[in-house]
Amino acid sequence: MEDRSLSQRLHLDIPLIIGLVLLCAVGLVVLYSAGGQDIALIYRQGMRMGLALLLMCLIAQISPARLARLSLWIYLLGLCLLVLVLVSGEIGKGAQRWLNLGFIRFQPSELMKLALPMLLAWFFADNHLPPSPGRIFYATIMIVIPVLLIAKQPDLGTSILVAAAGLSILFVAGVSWKLIIGFSVTAALSTPVLWYFMHDYQKQRVLTLLDPEKDPLGSGYHIIQSKIAIGSGGLYGKGWLNGTQSHLEFLPERSTDFIFAVFCEEFGLMGVLLLVCIYMFIIVRGLTISLNAQNTFGRLLGTGLTLTFFVYVFVNMGMVIGQLPVVGVPLPLISHGGTSMLTLMIAFGILMAIHTHRRLLSD
Amino acid sequence: MPAEFHLKDAGYEYLVISRRIYFAGMMMFLLGMLIVIRVFFLQVVMHDHFTTLSQHNRVKIQPIAPIRGLIFSSDGVLLANNRPSFSLEIVPEQIKKMDQTISDLATLITIEAKDIERFKKQIKKKHRFVSVPLKFNLSDDEVAKLSVNRHRYPGVEVVAGLNRFYPLAENLAHVSGYVGVINEEELVTLDTSNYKGTTHIGKLGAEQAYESLLHGKVGHRQVEVNATGRIIRVLDRTAPVSGSDIFLTLDVSLQNLSVDALGDKRGSIVALDPNDGSVLAMVSTPGYDPNPFVNGIDSKSYKKLLASKDAPLLNRALQGKYPAGSTIKPFLGLGALDFGLRNIHDETWCQGWYSLSGSTHRYRDWKKEGHGHTNMINAIAQSCDVYFYSLAHEMGIDKLHEFLDKFGFGKKTGIDIIGEVAGLNPSREWKRKAYGQAWFPGETLIVGIGQGSSLITPIHLAVATAAIANKGKMVRPHLFAYARDAISEEVSKLHEPSAIGTVEIQNIEYWQQIIDSMTEVTHGARGTARRVGSGASYRMAGKTGTAQVIAIAQDEEYEVDEVAEELRDHALFIAFAPVESPKIAVAIIVENGGSGSSTAAPIARRLFDHYLQGEG
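If you read the protein sequences in the order shown, they are chains A and B.
Heads up: the first sequence begins at 1 in the working numbering, then just goes up one per residue.
Heads up: the second sequence begins at 364 in the working numbering, then just goes up one per residue.
Among the hints, a few may not be true.
Across the chosen pairs, the derived CB separations fall in these ranges [as the list claims (entries may be wrong)]:
1. E548(B) x L207(A): 20 to 30 Å
2. N546(B) x I145(A): 36 to 46 Å
3. I850(B) x L84(A): 48 to 58 Å
4. E548(B) x K203(A): 12 to 22 Å
5. G134(A) x Y377(B): 15 to 25 Å
Calculated from the structure, these hints are not laboratory results.
Glycine is no exception: its CB is placed at the ideal position from the N, C-alpha and C atoms.
Just chain A, same shape as in the assembly (with noise of 0.2 Å):
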């Protein structure tokens, strides 16, 4: 019998935990400063962090053999929620994206997330890699149907991430590099066919999205007082709660999706400069975990979740710096909100037990 550590039999990883709890740290003390200094807010955020956390070490007991058999249960039921949401969901801010089951409200779109990563790493690990054209033509299919679901909600920042947790997996289980330069080359000569269908009124909203400073009666005056409120920020920062909130008073989505703003306002180039670091930190954790899982699914699945972690980083700070259309996507653990948070603990958690359940050299 090998000889386990305390944490392996517990199924956590330290790292991971450590990366995971300082950015929470971090995401409470940025939050009382956007928040209005609300001691309330904080306390409730801090408990769903810590309700979070419990929910990955206990998603880490399970094996990740286990999820494999479970996964595309998951993945249809997922499916038949996501159809239930746009045929009766209740409808909040201004788009059909939650269930209300009496006792608890839920976006179908978040269990997606971790089902179709989930599915599509068991699909390909099936058989061998790189995938059969077949394989990568159904996958493909799989990756689709959530993802026009959610398009159809409307929430363009989730049907983002949804495919890019699908896509990743696909890269990561060697999709050909020359299928993947046909394919983006053949994506991007039929825009302009799609363009030629679209009402004038849509044209005009895509316009808006892709350069929101043409709008700057709309969404371009976001980008427009988050850059104010980034670049007088400075190296150092003007120091944590002394950001100038009067340009943010008019951000409704201030502790929310534009945080970063707030965060690069108080806290500057450095405080930039160690949040990305912590979230490196983390990234890199992840990959090492699945270049050292014991199977491909667990190699698949990993990179598929780590990536699609990234992915949230990026896109959400992207857009606040003015380089990316706004299109709702929340900074990992720092941006106030409970539902993503638990879908990424879940998938940390997931990566945790990838880590954790190695069946025994003698099998």
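Given the coordinates of chain A, work out where chain B should sit on it, guided by the hints.
Just chain B now, kept in the frame of chain A:
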């Protein structure tokens, strides 16, 4: 062997995956660096720029609404104008207790419930830092009171703007239409970025049809404001583009004359230029004053308009469906010629009534004694019903429907403002669909004199009349003449074809024969409108019509004075002049006016005298 194979496979798979993982890791690192570099750029390179902007001041972006284009008639009369006005606007973000603020303001000036209701609805839609109007058209008194108390209400502004005004009110209401406050349905398909800062949009008439020309493009400015909201300086400004002025084909003097001619009667007049379909006058009486609609008419007045049995909100020219009555006869006569059923000189015997073989039911002629031997010219000139009963019977409903269909009866003309409805050109299929019954021969006779289920709108009647004047060309009626760009003064017309079709017949001679018959109506010794044509210095062609509103039993007399007003026949008249090269074609309907020749026809003479000779 299998074990080896398995091992090699796993090794290869591991290689594939790990290569990809390394690649992904590298990409993520690079992208992360890109973010850091960009942040560096903002926070270090552009630091001073952004610091200046952040110091103690706020940057606000305000829309600058464009000035709406004006609407003119062809004779240069202003139909829609912008008048300076002040409105009370509130920036919701800056108000802590909205209800309290509103009731405080209500102690200074009157604020109506409907204003508050509309205001509350709009707050939900707009961004919180854009000001929302609470009340329009403040009086000078109100402006003064608000300005004096301004310091007590940060976030409450008196904003100078322009209010749309229609100087010709009732006479032009159906043509100009009006603008009104933008509502929720309109917001869905609106280009919201171009309409920021705009509160009103065209709802009916020319205002609606040419909204995109009239509106212009919104501008914006970036301003610095201090803590109390006062503007310190303007950082950046993009000027709005004013809307283009539009010129309509309407002749206002003719329009006013038409309204006057109809007096206090309900009715409609449409006058067109037969050459290209320009609408010279389009009247529906009684009209209504569109000005109260601009900022929201109060419900009491609105209910009054709705409840009035004269239906002032109905645009009779486009939406009034009437039996054509005898005005249909020239068209049917043409049909008979075209189908070869009769020629212009064939005579029929009119004894004052007509029966179908095998039936005792008598279809009466308006002249009890009958017209005697009647050919087509006389039948049109004197409006002989019996001639047309027999003509319709010979034609049969199918050919009749087919021929009238060439004139587009039962379809819309496609005039360039909204609200037009199609008339009804009855046929066998129509009756089967609508009533589940077969068509009876007796009904064909009734349709032959323009009664029964056939219905037409005044605009269509005018277009069909113009088609006779044109010997076949069906023009597209339009109110729009041209637009004039606000800055460049460049004139632009719309490129629409002026004709919607041609009525093709076998022999173009037939057109002239019908025109001659119609000229007999107004200039012949026994024409039903001979009094109208007498003494005119030009020749006109026309046809009177008297459309029944209620059915008269076989042997009853129809005494106009004894019948209640709303049950009296409608008076119709169609005409064009000068006959040799027509410049104007009209369709006139006076509801419950009694006889076409005594009530409707004289109006045409007044209109023609004015238009052709500048009189009256």
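Against the structure, the hints come out as follows:
no. : hint                          : in the structure
1   : E548(B) x L207(A): 20 to 30 Å : holds (24 Å)
2   : N546(B) x I145(A): 36 to 46 Å : holds (38 Å)
3   : I850(B) x L84(A): 48 to 58 Å  : holds (55 Å)
4   : E548(B) x K203(A): 12 to 22 Å : holds (21 Å)
5   : G134(A) x Y377(B): 15 to 25 Å : holds (23 Å)
Comparing the model with each numbered hint stated earlier shows that all of them hold.
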